[in-house]
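Visitor: Here's the letter readout for the chains.
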Amino acid sequence: MHSSLGIPMRSDERNRREVVGSGASAAAVALAAAAGPAVLLAAGALAKGADQPAIVASMLAAEQTAAVAYGAAAAAGLLTKPLTDVARLFHDQAEAHAGALAPELRALGGKPPRRRRPEDVKGLAGLRSEAEFIAFAIQLENAAVRRHVEALQVLQTPKLLGTVARIMASCGQHLVILRQELSADPADWVPDAFETGSSPAPAET
Amino acid sequence: MIPAAMDQSRNIRGGVSRRILLQGAGAAVGAAAAASIAACGEDGQATTQSGGIEGTASDVGTLRGALAIELTAVTAYERGSPLLSGRRRRACELFLAQEQEHADTLTKAITQLGGAASVEPIPLDYSQLSGSTFLPLAKNVADAAIAAYIAAIPRLSSGDLRATIATILADEAEHLSVLLGFQGRPQAPDALVIGDPDALR
Numbered sequence: 001m002h003s004s005l006g007i008p009m010r011s012d013e014r015n016r017r018e019v020v021g022s023g024a025s026a027a028a029v030a031l032a033a034a035a036g037p038a039v040l041l042a043a044g045a046l047a048k049g050a051d052q053p054a055i056v057a058s059m060l061a062a063e064q065t066a067a068v069a070y071g072a073a074a075a076a077g078l079l080t081k082p083l084t085d086v087a088r089l090f091h092d093q094a095e096a097h098a099g100a101l102a103p104e105l106r107a108l109g110g111k112p113p114r115r116r117r118p119e120d121v122k123g124l125a126g127l128r129s130e131a132e133f134i135a136f137a138i139q140l141e142n143a144a145v146r147r148h149v150e151a152l153q154v155l156q157t158p159k160l161l162g163t164v165a166r167i168m169a170s171c172g173q174h175l176v177i178l179r180q181e182l183s184a185d186p187a188d189w190v191p192d193a194f195e196t197g198s199s200p201a202p203a204e205t
Numbered sequence: 001m002i003p004a005a006m007d008q009s010r011n012i013r014g015g016v017s018r019r020i021l022l023q024g025a026g027a028a029v030g031a032a033a034a035a036s037i038a039a040c041g042e043d044g045q046a047t048t049q050s051g052g053i054e055g056t057a058s059d060v061g062t063l064r065g066a067l068a069i070e071l072t073a074v075t076a077y078e079r080g081s082p083l084l085s086g087r088r089r090r091a092c093e094l095f096l097a098q099e100q101e102h103a104d105t106l107t108k109a110i111t112q113l114g115g116a117a118s119v120e121p122i123p124l125d126y127s128q129l130s131g132s133t134f135l136p137l138a139k140n141v142a143d144a145a146i147a148a149y150i151a152a153i154p155r156l157s158s159g160d161l162r163a164t165i166a167t168i169l170a171d172e173a174e175h176l177s178v179l180l181g182f183q184g185r186p187q188a189p190d191a192l193v194i195g196d197p198d199a200l201r
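Protein sequences appear in the order of chains B and E.
Here our numbering is used: position 90 in the first sequence is 90, and no number is missing along the way.
Here our numbering is used: position 82 in the second sequence is 82, and no number is missing along the way.
Hints listed in this document are in silico derivations from the structure and should not be mistaken for laboratory results.
Check the hints yourself; a few may be wrong.
Claimed, not checked - Label pairs and their in silico Cβ distance ranges:
| id | chain 1 | residue 1 | chain 2 | residue 2 | range |
| --- | --- | --- | --- | --- | --- |
| 1 | E | L129 | B | A187 | 20 to 26 Å |
| 2 | B | G99 | E | G131 | 39 to 45 Å |
| 3 | E | A97 | B | R106 | 39 to 45 Å |
Said to hold, decoys possible - Subject to a maximum C-alpha distance of 20 Å in a straight line, what follows is the list of computed SDA-like cross-link-like pairs (lysine to any residue):
| id | chain 1 | residue 1 | chain 2 | residue 2 |
| --- | --- | --- | --- | --- |
| 4 | E | K139 | B | P191 |
| 5 | E | K139 | E | G181 |
| 6 | B | K81 | E | P186 |
| 7 | B | K159 | E | P154 |
| 8 | B | K81 | E | R185 |
| 9 | B | K159 | E | S158 |
| 10 | B | K159 | E | D190 |
| 11 | B | K159 | E | S157 |
| 12 | E | K108 | B | D192 |
| 13 | B | K159 | E | D196 |
| 14 | E | K139 | E | P189 |
| 15 | B | K81 | E | G184 |
| 16 | E | K139 | B | D192 |
| 17 | B | K159 | E | I194 |
| 18 | B | K81 | E | P189 |
| 19 | B | K81 | E | Q187 |
| 20 | E | K139 | E | R87 |
| 21 | B | K81 | E | G181 |
| 22 | E | K139 | B | A187 |
| 23 | E | K139 | B | Q180 |
| 24 | B | K159 | E | L192 |
| 25 | B | K159 | E | A191 |
The C-beta atom is built at its ideal place from N, Cα and C for all residues, glycine as well.
Just chain E, with the same shape it has in the complex (with noise of 0.2 Å):
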């Protein structure tokens, strides 16, 4: 159970969504990382070069939104893992080391554009956590996650972050589409896949 006061303090505005990638995490954009965004143009305009990629202010304000949703991921799979038994917690077990993976790429790309990536997880409430809740929970994390990188990657500035964003789309992909097979659903039930921008909320 994560407390009530840690709840309040985790006030990342706009949940998971299209929106919270464009918005850049919202709150949760920090002062330093504010400043260099301001130091860089709101415009997007601005290419920031460092540790050999590139990137503009918009493009931290959507790595750091997409970071928020790798740390809830994150935070998901610690505490729904253990509830597993079988292929199951070993499938999720796997899905957490991945999305881990997938949060440290991209700290590592906030860092090097010059962002400030201390951005917290959206709070979801664990209070009902079980091994029968958490996979449908489990499932809505993908979802919300899928739609969040389809809003970002033409947002994005540069090929090689819509690349690296591209890839993790896919990993999320799969996820789902293990996650729907645990649950005896169809595990690829759109030829275009969406997500849901609204899974979350």
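Pulled out of the complex, with its shape left as it was, chain B reads as follows (with noise of 0.2 Å):
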């Protein structure tokens, strides 16, 4: 099964398209497909009318959220000392994200969403081991990639439309981080050709 343009789409995604409609979008589909942590808006729920300051704070409410996740599982004492070096990266990364948006978002005439806090980050608390931390930060940037593809058919705004491509790329490279911690095997490094924020977890090897 494939989209209009031709990206493999999986079985459960091609049932969405057809509850959906033919005329959803491919990247839209995909993204209706996948599912990621509680604390982070819905898949779908960006298009649904919302407006670009909408858009913005609500990817700059998801960087303030994984900047946070990040440096408390680095703090944690959770890790061991490469990956708490990998959250630390990905928290100052996410803090940099974060600090790219905001300036776009004043200039939409939005207000920057408050700072969030461990505590308001779905599932932080409960993570017991490397393992888990890798599950929930896979999930996270997944989530992260599908909420930047859905902003990217919205937003118009040439600056923030390359911001947005920048800080995706980012999360994709992410994921190779933390798919790596996971699988010695490539395939699961890059899953698929087109990084929807689509791909489970790969089998722990």
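Please dock the two separately framed chains into a single complex, following the hints provided.
Guide: Written out as structure tokens, the structure is:
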């Protein structure tokens, strides 16, 4: 099964496509097919009449949430040194993403959301192992990718589109690093030719 | 090795860069595509709708530029993957298949928008290609593709096209991350990934 542009779609995506209707875009269908952490905005919500400031505010909130989650994980003593370093790097980069989106939001007349706290991040407190952290982080990054794909469909400002594209590419790189923590098989590192944020975490090998 | 004459025939103006996407692959635009683009208008305002996707003449040019880059990547991986072994080879063979998927998708989009997908890869010098020189070359191809896609996304007229290109962009960024890791380099060096428009110059 392929989208109108030839993007391979999984069977569950096909079913959702049938529900959504033939006019739905491939990306929107792929987005609707994926699930993420409850703390993040449900896939598809952006397209439901959200205006540009609301979309950017949503992305900014997600980056703030990711920064808090990675920062808390790095500080919790749960992770080995290499993975702690990864969490710190991702924390810093999520902060940078938020820092890039904040002025864009203000330029659109929006107000940045309040800073998140670790207790705001659902599921974070329950993490008990490195494997759980990695799976959580993969969900976080997948949800971010889906959000960015959806935003790119709706946003219009060229500078903002470029910023979101750069952030989405960064999320893809985060996903590779996380997948490599779980699997030594290159096929698991980049499982799809089109990164839609819908690939599950690879089985640990 | 690519024969010199063949290299010369692959006269794509401008190399891999923002410019190639903005100029619609330059001299690689064939007569049929040019006629199609002219019929749609040069200002990018006219909308072509065919096969379920929307786009403008400007979009066709942008997609043709992207296709040239993907075909370049396909050629590079075809030549370089056999020189590698182990996980490096498996990864690059996977990337070859994924680059071909990108190229197929772009070809379909261009065709559906009424353009001609007869695009040539950008000529690269493979004369010194070896197992040790291929990974840096592949990294440069990925860097160039990323830069080109980031330049292209704000210029595409339809949300569907932007979303599709963004999923390819992220995949290229993932390739880059793996390739950097193979070279012992940081795999996510930048919070805002920018690529390198001059990577293949």
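Visitor: Does K159/B pair with L192/E here, judged by a C-alpha cut-off of 20 Å?
Guide: Holds, at about 13 Å.
Visitor: With a cut-off of 20 Å on the C-alpha distance, tell me whether K139/E and A187/B pass.
Guide: Holds, at roughly 18 Å.
Visitor: Falls inside 20 to 26 Å, the C-beta gap from L129/E to A187/B?
Guide: The hinted range 20 to 26 Å holds for L129/E and A187/B, with Cβ atoms some 25 Å apart.
Visitor: When you check the alpha-carbon spacing of K81/B and G184/E, does it fall within 20 Å?
Guide: OK: K81/B and G184/E at ~18 Å, within 20 Å.
Visitor: Between K139/E and P191/B, is the straight-line Cα distance small enough, at 20 Å or below?
Guide: holds (19 Å)
Visitor: Does P186/E lie within 20 Å of K81/B when you go C-alpha to C-alpha?
Guide: holds (16 Å)
Visitor: Holds or violated: are the alpha carbons of K159/B and D196/E at most 20 Å from each other?
Guide: Cα-Cα ~18 Å, so holds.
Visitor: With the threshold set at 20 Å, check whether the alpha-carbon distance from K159/B to A191/E stays at or below it.
Guide: Holds. K159/B to A191/E sits at ~16 Å (cutoff 20 Å).
Visitor: Against the 20 Å threshold, does the CA-CA distance of K139/E and G181/E hold or violate the hint?
Guide: holds (11 Å)
Visitor: Could you check the hint for me, namely that A97/E and R106/B are 39 to 45 Å apart, CB to CB?
Guide: Given about 43 Å between the Cβ atoms, the range holds.
Visitor: Does D192/B sit within 20 Å of K108/E, going by the straight-line distance between their CA atoms?
Guide: holds (18 Å)
Visitor: Against the 20 Å threshold, does the CA-CA distance of K139/E and R87/E hold or violate the hint?
Guide: holds (16 Å)
Violated hints: none; the structure is consistent with every hint.
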